[in-house]
Each structure stands twice: as C-alpha cells, then as structure tokens.
Amino acid sequence: MRFINRHPERGGRLLLALLPFVLLLLVYVIASATRLAENPDDRLLPSVGQMADAVRQMAFTEDERTGEYLMWSDTAASLKRLAAGLGVAALAGLCLGIAAGSFPILGAAFSPLLAVVSMIPPLAVLPILFIVFGLDELSKVMLIVIGVTPLLARDLEQRAREMPQEVLVKAQTLGANSWTIVLRVILPQLLSRLLVSLRLLMGAAWLFLISAEAISATAGLGYRIFLVRRYMAMDVILPYVLWITLLAWLTDYALRRLNRWWFPWSEGARA
Amino acid sequence: MSYITVKNVWQSYGDHVVLERLNLLVEEGEFCTLVGASGCGKSTFLRLLLGQERPAKGQLLLQGEPLRGEPDAKRGVVFQRYSVFPHLNVLDNVAIALELPRARLTGRLFGHARRQARSQAAQMLERVGLAHALRHYPSQLSGGMQQRLAIAQTLIARPRVLLLDEPFGALDPGIRKDMHTLLQELWRETRLTVFMVTHDLSEGFNLGTRLLVFDKTRVDPQAPQAYGAHITYDIPLNQRRRP
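Protein sequence lines correspond, in order, to chains H and E.
Numbering of the first sequence is given in the working numbering, commencing with residue 2 and proceeding in unit increments.
Numbering of the second sequence is given in the working numbering, commencing with residue -5 and proceeding in unit increments.
Please note: incorrect hints may appear among the correct ones.
Facing chain H, from chain E, some residues (calculated, C-beta under 10 Å) [to be verified]:
hint: 1; residue: L44
hint: 2; residue: R48
hint: 3; residue: E59
hint: 4; residue: A144
If you are wondering where the hints come from, they were derived from the structure by calculation, not from laboratory data.
Just so it is clear, CB atoms sit at the ideal spot from N, CA and C, and this is done for glycine as well.
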C-alpha cells in the first residue's frame, strides 16, 4: 500500500505521538550525563535530579526574603497579566471586528486603519508603553492588548464578512433590525471563532508577556527566567520553560473544549 | 388593482443589462414559477422583489405601495443554500422568527412569551414533518430536512409574498417530490402569493398557476451584454387550482 494511504491504528497513534517526546528526553538525558561525567560543575545541561532540586527550591520552599513560594507567585503574576490582556483584547477585537465586518460604512472607516495598525511591531512600541503607562502592571497588560487586538479584530472582521449574504437577508425578512442581526446572528457565530482565534494568538500573547516581564518586572515567569540567566541557572530555566509550555498547552486545550461545549454546531469546535 | 405590479423595470450592472422592459401584474394567491436559461435574470428579478437589489429603472408595487428597497418582513424567502441559521437548533430557528419582530432591542423573548413562541414553533415544525428533530442543529439534517426547516421558519413569520430561489435544486428527485407535495399543501392552506425560480421545467409546469419564461429577444452578437431579458411567455397553468 502507498505510504499516503496508510493510517496508524488507535494504539499506534498514541505510540507515534509519544515517540518524539521520548526520543528528545533520551537525547537530553544522555547528553547531560556525558557532560556531567566530564565536568561535575557543568551548568549547561543539568541532570533531571538537579532540576528536581531546583523545582523543590522554587515551588515548595518558602523564599527566605519574601516568604513566598516563588514559582507559584510568579505563575500567578504572569497569568493575571495574561488574562487581563487577553480579556481586554478579546472584547475590543470582538467589537471592532463585528463593527468593521458587518457594517460597510464602519468597515470603510476602520478596515484600512486596522490593516496598518496590525503591521506595527508591538515590541517596537514597548518603550512608548513604558513611558506612557509607567513600569507597572498596566504597561505589560497594554503590550498584550496592543499586540493581540488588531490581529483578533482583523480575523473576526474577515469572518463577519464571509458570512453568507443569504443568512443576513433571511434575518431581515424575519423582522430583524441591524442591532438584532448583530445580537442574534453575527455575534453568536463569531464568539465561536473568537475562541479559535484566541487559541492561535496564544503564542503571540505569551511572547509579549515574557518580553515585557524580561525588561521590567519584580515577579513573573519571564522575569524569573531572565533573572536567573545571570547565574546561568539552567536547572531553573528549563523547568520554568516546561511549566510555561504546559500552561500554554492547557489553555489551548481548555479553549478547544469550551468551544465544543458552548458551540456544538461550530466548525471550530470540530477542528 | 393587482396585488403585485411590476412597471417597466430595468436592471443593469455597469454596461451589462440583465433585465429590460419588465411588466407584470400578479393577483393575490397566485403561484408563479420562473424559468429560463442560466443568466437570464430570473434570480435577479427575485432579488428585486425581495429588496436585496433595487431596480435601475421602474417600480415594483405591492397593493399599489412601492416595495422597500431592502428586505423586510413583508417578503419571506427560501434560498437554495444558507437559508437557516447554523448556530440555532431546529426549534430556535423557527422560534427566532417570532422573537425578532417583537423584541426590537434584545432580539429574544423571555418567560411566558418565550414558551408560547416555542410551542407555536413546535406546531409549525410538526406540520412540516420535523417534530422528531427539534433539538438537532441544521448541519445534522439532510438537505431535504433543512429546506423543510427553512420553509417552516419563513411561513411562521406570515409574509405577504413568498419567494423561493431554486429551493429544491440541490435535492434528490424522490425528496423533491415530497417537497412539492408539502409546498402545494402549505400554499393551499395559506393562500400565499408565491414566486419560485426553478431550473426544472416539469417542476415549473406542475407546481404553479402561472409560468413566466425569461429570455432575451434581442441579441447583438458584437455586444452580448447590451440587451437584457424580459418575460417572453406568460402561461396560465392548472387553472382549477387558482384561488
């Protein structure tokens, strides 16, 4: 049978999915053991045991100076910023996208603006954000908002525009006005797409968060990574990176499940 | 006075003339089927009646009053595709037609009014044979069931004119026959004035009380878009069915 026609079995699929992870882990463990055998003080590739010690230190031991469990307080600080930023971006993106995508007159006014604004590299305006909003929480949240909103708005605008004309005409023949068309026809369908877009933009949001934290913060996952870099503490950095990856993956999974649960009719729920 | 009057209507897009010199009088309760070659302006004419397009010249009157240049609740429509709301289940798809005209601000009814709308919708759905699928979403329905739903949704809004744009074009022949029967029964019960575009000549002859053939009588081979189509044949059919 041709390769293109061969499909994995149920159990085989799981095995194939796990294989690359296991291989990567194996390569790391061997490389780390080799380097540590040559030089026990090597910091570049810490052993699993060393990383476990570091996690115990960061997550399950009270910090002597602050009395906090650093990894958890970092996580809480970062997630709070991420949630605030994405929440505001989602709301703004939804409003802008629906307005520009559903009403031709508003589209004529907003579309070109959104197209230009979405081309501004958000990190290039980070200094401006620090100047305008100060070095506190607000500037970090704003970076996420500014980075994510235009992309979200443009995507939702496109989806609103792709809505079949027939559906909008149909709603009008059933007695809807512009507002109730948005409320009962366009908005419910775009909410499902919003969850899909958020999933796709989650990577960008984390990028903005960690960049902002790296430059100015007193807590946060990104802050911690860049802080311990000075001591070349790979035993802390690597678990943090894994933890961030796990958090991102969990959010992605949760958004997918939410979509399926709230909008069982949607394409996005199936994808 | 006729129920619907079409007075010297022209429609063109740029240099492309689609319809020209269209004149038509239709009585209340008539079932007009519109046939003609592809691109002969049948669907354009339907969109003019619907208000989705405005004529370049001429007037369309309903009981002597000009029809609004945008879709409204006077005219109900069933398209070949995308006729129902994909995000609402079968029951809500019909109930929304009762909610939208009454709730101008929220688009939905609450409490007693909502329950009443839903039970009315359920009755309508039973009439078109969808009582078993109230909780299904349109994507879970077959093509024929989706069109049944579209018809129920349109009729419950009590339009004064029913416009059908090749509603059964995508259905299997057997299903199409069932749909013809259903449509005939509903038409007889509601006494609606119907315009139906179809590609299927036998459908056109069997269903209607009047067959309107769209064709171009003037053709310039150098400029095929210079002249539009109009109604070349207007044939009364099935006279004993007439209202």
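Now for the hints, and whether the structure bears them out:
Among the interface hints, the one on L44 of chain E holds; its C-beta lies about 7 Å from the nearest C-beta in chain H, closer than the 10 Å criterion. Interface restraint check: R48 of chain E against chain H, minimum CB-CB distance 14 Å, threshold 10 Å, status violated. Checking E59 of chain E against chain H: minimum C-beta separation of about 17 Å lies over 10 Å; hint violated. With a least beta-carbon distance of about 8 Å to chain H, the hint placing A144 of chain E at the interface is held under the 10 Å criterion.
When held up to the earlier numbered hints, the structure conflicts with 2 and 3 and fits the remainder.
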